[in-house]
Amino acid sequence: MLAYLARRLVLAVITVWAITLVTFIIMQLPPGDFVDAYMAQSAAMGSAFSAAEAAAMRHAYGLDQPIWVQYEKWLALVAHGQFGLSFEYGRPVTEVIGDRLWLTVALALLAIVVTWGLALPIGIYSAVRQYSIGDYIFTFLGFIGLAVPNFLLALIVMYIGFRAFGLNVGGLFSADQQLAPWSWTKLADLGRHLPAPVLILALAGTAQLVRIMRANLLDELRRPYVMTARARGLSEHRVILKYPVRAALNPFASTIGYLLPFTVSGSVIISVVLSLDTVGPLLLHSLLSQDMLLASTIILLLGILTVIGTLLSDLLLMWIDPRIRLGQRR
Amino acid sequence: MSLTLPADEPLVATEAESRIAVATQRQLIWWRFRRHKLAVISAVVVIAFYLVAIFADPLAVSPPWDTNASRGYIPPQAIHWFDNGSFHPYVYGLKGKRDLRTFKLSYAPDPSEKRYLTLFARGYAYSLFGLIPTDIHLLGVADGHPENSLFLLGTDQMGRDLFSRLVLATRTSLTIGLVGVTLSLVLGVLLGGLSGLQGGVADVVIQRVIEILRSIPTIPLWMGLAAAVPTSWSPNQVYFAITLIISLIGWTELARVVRGRFLALREEDFITAAELAGASRMRIIFRHMVPSFLSHIIAAVSLALPAMIISETTLSFLGLGLRPPAISWGVLLQDAQNLETLALAPWLLFAAIPVIVVILAFNFLGDGLRDAADPYG
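Residue numbers (our numbering), protein chains in the order written: chain F, 1 to 330; chain W, 331 to 707.
Be aware that a few hints might be false.
Claimed, not checked - The following label-pair restraints were derived from C-beta to C-beta distances:
#	chain 1	residue 1	chain 2	residue 2	range
1	W	Thr512	F	Phe140	24 to 34 Å
2	F	Phe140	W	Val374	44 to 54 Å
3	F	Ala188	W	Glu597	58 to 68 Å
4	W	Thr602	F	Ile14	29 to 39 Å
5	W	Gln528	F	Leu63	51 to 61 Å
6	F	Gly81	W	Ala609	56 to 66 Å
7	W	Ile384	F	Gly81	46 to 56 Å
8	F	Val16	W	Glu597	32 to 42 Å
9	F	Ile212	W	Ala609	31 to 41 Å
10	F	Leu75	W	Leu593	50 to 60 Å
11	F	Val16	W	Thr602	36 to 46 Å
12	W	Ile462	F	Trp68	47 to 57 Å
13	F	Ile212	W	Val687	40 to 50 Å
14	W	Val374	F	Val69	34 to 44 Å
Claimed, not checked - Derived contacts from chain F toward chain W, CB cut-off under 8 Å, selection only:
#	residue
15	Ile26
16	Phe143
17	Ala147
18	Phe151
19	Met158
20	Gly257
21	Leu284
22	Val307
In short, the hints are calculated from the structure, not lab data. Note that the Cβ used here is the ideal one computed from N, Cα and C, for glycine as well.
Work the whole structure out from these sequences, hints included.
Encoded structure:
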């Protein structure tokens, strides 16, 4: 058990390190640096930069040093929770991101809870009533969920909401609550806006999980012990829920490690389409305006949070699955 | 159960059984695949889409890049199939009317003017497969200028014919998927093969790399990498850069399948037999192992393709993938990004239909192939 825990922890640390490296590379990728972009911008506004001024600016931001020194300095700052200034907004990156990160996390977590909440009963139903009309309907819906990309689903829901109900599904807050400080009213407002994006986000993941759960459970239901349980006169509910479902749950639980990155990815996209106040639109905007420090901080934070989430889900798995807890290989 | 054999059952195998016994693996796979009706239909759909991709230019009606603001946001036209009781399809001409309150131009069919559709009509000039210069299109109107009168799926804001653009987008989006999958396949087979065959340190390292790649949310990463593609690059360069970015992260699943197959096959008796017979390692891999998991690879590829197509479409939709003047499904959908446009021109959402159909078809096809890949199972 300790070995498993240690292995997971080491892997998580390496992953976080890999993410910092990748984000730093992304930060450096665009041709030219911020000073170039800033110069072009001010030239367009009519005030030209001299070469000396540009050099002074580069020096001020440390852009004139070798790349690995920049990486080290950046890493040291990041380790202390200082992500630097957003070039575009002229404010600390953390301040620009603000609540958006937590809204992203809330959206992703809620979507995962809904994914599980939907996939588990539907998966059980589809397996127990295999080839029934309900099974076919859910299978069909599942394939739609798999085949329609997140952003397209958001787009279609937005259009239908507008056409059929005259609703604007976009946003996480009503106009008057947008800039208000946190209060119960604002929270309630958020609660009214969340269901549509959460459902859209949950659908694709649900489709996958239903298929996994259905397949797992079908395998278990064919085992002789199920027949034995029935022969002994156990109630149908007890026969199914007590053993086969529990056995089928393990591979199901292990998928959460992939579900989390998948959902976080999806939340970025649908936030852009539905203009939700998460980090999604901010990331897109900062990438388009090459505010790389802001963009890479968002990518970094999303990556790290995902790794932490995955680690937590591994602990959960350890708690559910005694084979891991007792130190055997999965 | 008695030990005596029933008298009416012959001891020799039935004709069907003996057919199976002597069938080649390829035949068995084909028989198994044929049973999966949905997969067969999907295969036909996929082939049809690739035919559209190959013959995109002759299938397009109007020049897809030709803008004309006075034709902006024309709604899709209805085709009238019969004229005075005989089969002679036509569309009505359009009459633009300016709304004097909003000063917006809106179009209404003009029943006094009939434009007859013709097959193999003359239209804009192009060269077929980049070789044969021609101006023959499958569908057109009699006067040879369909861009002024034929709008099967309506037009976009700049007056470009959506049908023609959709046909050309099919070519871009489907080939980007193929190129991307080929790249990931090369990476996946190399690294997965190394991992499965070599084992030891190489296996551990590659497996950890895959685990790390899979635990990072891909979309933000893709967005970051795609945003770094310089704006000055030509559409072709952007095309290859985006394909590369997508496949750099997309190879992990294919590598996993390849590794799994290698690990499973290593234990098989016929591999041990080949080893004992003194076959070289290369001969074992290419003569014995590859043929027996080729079908699995094909199934994995057809399941990886839709993911590639979704990735490209998503990136282009966000404005980080292919950029106009390139035409892909994502680029077309980018026009339909906000509610105002959708309310004004809902037909722009037509571009969503081929995306959904192709992805569904590939998924069903992949499912069918995966089931058929192991015909002895």
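Worksheet item: When the hints from earlier in the document are held up against this structure, which numbers fail?
Response: The structure breaks hints 2, 5, 10, 13 and 14; every other hint is satisfied.
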